[in-house]
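Undergrad: Given the coordinates of chain E, work out where chain B should sit on it, guided by the hints.
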Amino acid sequence: MMTHALEIRNLTKLYQRPAVDDLSLTIPQGEFYALLGPNGAGKTTTLKMVAGLLQPDHGTISILGHDTVADPLGAKRVTAWVPDEPMIYDRLTPLEYLEFVAGLWQVDPERARQGADEILGILGLEAHADERCEGFSKGMRQKVALAGALIHDPRLIILDEPLTGLDAGSARLVKDVLRERVRQGCTVILTTHILEVAERMAERIGVIANGRLVAEGTLAELRTSSGNANGSSEEASLEEIFLSVVARSATVEPEREAAA
Amino acid sequence: MNTIAFTAAQHRGKGPGIGRLARHELSLAWRDLYAMLSANRPGRGMRILLILAVVLAGLHLLAWMILKKPIEAGLVVDHSLLVTISGMLLLPLSLMLSQAMESITRAFYTRSDLELILSSPTPANRLFVVRMLAIAVSTTALTLAICSPVFNILAFKAGTGWLAGYLVVAGIGLAATAFSIALALALFAIAGPKRTRSIAQIAAAVVGAGFVVGIQLVAIDSIGSISRIGFFRSEQFAALLPNSDSLLFLPARGIAGDPAAALAVAGTGMLLFLTVVFLLSGRFGKAVVQAGSVDMTRSRTRRSGARFALTSPAATLRHKEWKVLLRDKWLISQTLMQLFYLLPPAFMLWRGFGGNSVPMFVIVPVIVMAAGQLAGGLAWLAISGEDAPELVATAPVGPDAVIRAKMEAVLGGTFIVVIPLILPIAFLDMRAGAVALFAVCAATMSSTAIQFWFRSQAKRSSFRRRHTSSRIATFAEAFSSILWSGMAALWIAGGVLLAVPFALIIGALLLLVRKLSPKGVN
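Protein chains in written order, with this note's numbering: chain E, 1 to 260; chain B, 1 to 522.
Isolated chain B (complex conformation):
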């Protein structure tokens, strides 16, 4: 039970304090996290710990491999290093902004235990202060966990001063949360409770990918490369920035071991967050209550929707899949998120038509990777996210025909997105175009097959949490997309003889994944 136990004093009107409410939120968050990590299966604590330890060790190894060379060369805190650190900080900043916006939007619209607590003698303000705090903690904790291998390796090899990075990231996390809360509330006031959800979620996704993609676009334009680090270290970029004493470099100086700078960043973040909590917790509460009283469903009238034309069951199924997907803005925003990552290769291709050389072995793998991921999402929606599985299962259509039609719907959806990129590739380099087409087909079909083997009925609204139902499926889908994009790169750079063994290995891995899929699934 996650309800709050009230004492006699609380019944006299005091209600539980912030500490008790925070404990309640923490307990819910922990259970949520555990359910996500354990794929909702009990008794997996030790296994999860072991996996986390292995992942953490792997990340430290990776950080060591990346940082070894600059550490051995001696890290000098100069303008160039400060520029690089500041540039690299944009990634966690965008991640935290995106995550905070996403969490705030969820807090607006998730009812869960809200009505129970609001109907109790608990002062509403206390609850919303705790919820805002919870958003800040969850936003910052995840980014700190991701950044920790870099800070640890730097502290171990280049001096403990680098541990100040934790303080800087925490400060940035608090500032990002404060900014996101203010932005979401402004959006709520301008767009209203009905539209804020979609707008904020799309904005969160754009912010999350926007910085990375934006920097890549600028990098392509200025130095002709997709590499972010290369761009940050370039003279062109450094020339645009102020000198090392500028406040712009305060976070970078803090990370590089300047304790005063680190404390200044952390203090500013805390001050911003507390100001927002003090000024806006009341509005936050009002927004949550207002969001709960609005009917989020829409009953739009569309006269020309049904045509009653004679089509095959397969065409009927394909048509339904596309129609249902196209009408769900939130799902479209989620599934097409990969499109953002296609912008840099698309830009490179565009430059290719202007006479610049196009590194096909860089562009094609990005497209293959995006196609595989997009297909995985679409396949989950079509197969596991089917809204009326019993209707389809009781229809006079064989299960093979149903699944074939759904796969066709997924392939069709993916191709609509990637063909506009494959065509210019083929125009510039016919061989690279053929490789891209083959690899996109392979990645798309592999992702769809994996979703089919690991299908498990779920609500479409659980799309974001689809990875929790099977870790094997999640990793298999990611690896298959990565491996097919690797194969495409090898084929373009080294020829078909290099690619064939690679493709055979992927095939063998897919067979293994199929063997690991749940038995008895028909």
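This is chain E alone, in the form it adopts within the complex:
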């Protein structure tokens, strides 16, 4: 049996209220998965737990068979995390940044050097490879962060709002790079508020509201389930589906809380 890229079971994270509430999710290898949800739904918290940045209060996370609590380093070795605000070092050049990341992931130096040249070329950063990042625009910084995520050849890439603040050309470039990685067998999970990106790129889409996975499936499956619930057209856009799923969950949630 093939190991799943990501397997989440009954994941819970509590702050004042549950940020993530008994969430279960399975993503097979080589899939492009989009996680949608309104602000504060629990998307970033979920992905931060997957990346090992937050400890779950309850539940398990397994990345390619590595339990993130029992074998955190094994899980991290095959994962890359790209936050919404690119965190890079202003005083390093993109090439030095990639050298640093390759050193942390213990990538073979020769392979890292070749990979760095290749990735910087693909992302259109080769002309800036030896310039310090301090003067870079948000888009360039985002591309450097993405290059860092790709340099160690991860099997699972998690991206939190990767296209925010990017111009059309850069956004297209990033989407192409991610598609290519998926074609090579890598799994990509991203959160986005740009529903068109999810609609065009994702093979499956999950919708989170109030820390729970309230809908999941391919676009066609979501259309069907949303159509059944609302009696709406089968040609409904993802935006319409998303709004109706979130609205439905908002009415269900108080009932669930009252019952609890």
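What the hints contain is simulated information worked out from the structure, not anything from laboratory work. Source: prediction; values computed, not measured. Some hints here could point you the wrong way.
To be verified - In the DSS-like style, the derived pairs of lysine-lysine whose C-alpha atoms are separated by at most 27 Å in a straight line are:
hint : chain 1 : residue 1 : chain 2 : residue 2
1    : B       : K459      : E       : K138
2    : E       : K138      : B       : K323
3    : B       : K194      : B       : K68
4    : B       : K329      : B       : K459
5    : B       : K194      : E       : K138
6    : B       : K157      : B       : K69
7    : B       : K286      : B       : K329
8    : B       : K459      : B       : K194
9    : B       : K194      : B       : K69
10   : B       : K329      : B       : K194
11   : E       : K138      : B       : K68
12   : E       : K175      : E       : K138
Claimed, not checked - Calculated Cβ distances over 10 Å to all of chain E for the following chain B residues:
hint : residue
13   : A57
14   : V129
15   : I190
16   : H319
Claimed, not checked - Computed footprint of chain E on chain B, listed as stretches where at least three residues anywhere in the stretch have a Cβ under 8 Å from a Cβ of chain E:
hint : segment
17   : 17-26
18   : 362-376
Even for Gly, the Cβ is constructed at its ideal location relative to N, Cα and C.
TA: Chain B alone, transformed into the frame defined by chain E:
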């Protein structure tokens, strides 16, 4: 909201007056000060007042202990006293010059609400006059607060005439601000907006420490002691100065109760400040606008930066820490400020090689203290000032290994600085060298551990304000450095048996500090 409310009249082009702008600046400054004192936690007003009262009482007690003997002996305003007061005045003068330069540089480059106000119908000149005034007030107020216990105790015990000291310090503060504004603007015109920031900040730091260190160096050379007061009271120094009637002693005479002298100093300071405001407020405004339109970032090309050699994650982290620090001139100037204070002991050591006796129990503690402080700053940068914490946290490197590597980077950085001083100590006195090495290690590791226990993510640019995140960490770091340097002094002067209990007490205090550190920090 800190925006200025405009009336209909202001919309017709008058703009808010100087009074309203001053109120706005005052309100911002007050909030800034409160945030700094309360470590950004609301509802701490009473606690802060209580702490300030205790600190003030402590400072008065300290001033009383220092001044008791000379007051009881009877203070006679003679040449010797005027020389001592003038010499001691150099310290607040250097502090005020340094602070004013630092504030002016900040005013040049901080945008904050500047663009909002400049885009309003407010005449720009008014705003810059208020900003210059604010710099003068903040510069003078801090020094007055520091000097107040001395003036109060002298006024209480030796006559109210000593209260004139407030007037003299205020006058010197205004003159220092005027001089700093003129100097910063000259620097801006010569070096340009891009380089002025670094140059002015380094100059401010050098001026701040320079007077103290300079006087210590001269004291060592002339009287063989590091004591500033000893030097000011020495005959050699007095012989170099003019007689008591000289204008050089005007501030000292003012402090010692001569009202005419005090008023003359205050008046001269005010006149200098007003002249600078009148002549240079326009240029000041132009400089601020010019600084805002310059791209301060640099994109230097460095071909040989990345080597892609096979190194361990720990070596990768250490290498990154040093590289990032070495490329930030401002941070280097800030973190290596302690090096200035190492110059006097270094000079003493140098004299030691020439056959002079070297008081190791004085030199070693200074080095230990500087090492502890330097390590604290470096540790904050490496731990709390990490630019990409999520990248490091998601790397396949255990958190213990990350923190160990960062501690090694801090220790390495500190040792590069202090080893050139420990080696000559060991050459002159092997036992003192061993004590210095042990105490430097202990102070460095303690400061790093404290920064680790109280870590809280922040931007590296907040380095100067790192003390606001935790008062306990700030005091713990300072006390640990002081105590380890005290232990070193005891060890050298009294032997290891005296030092061991002292070291155990420091260990117990560190355990207590660890207990007080925020819970849930992983």
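Undergrad: Looking at the structure, which of the earlier hints fail to hold?
TA: 3, 9, 11, 16, 17, 18
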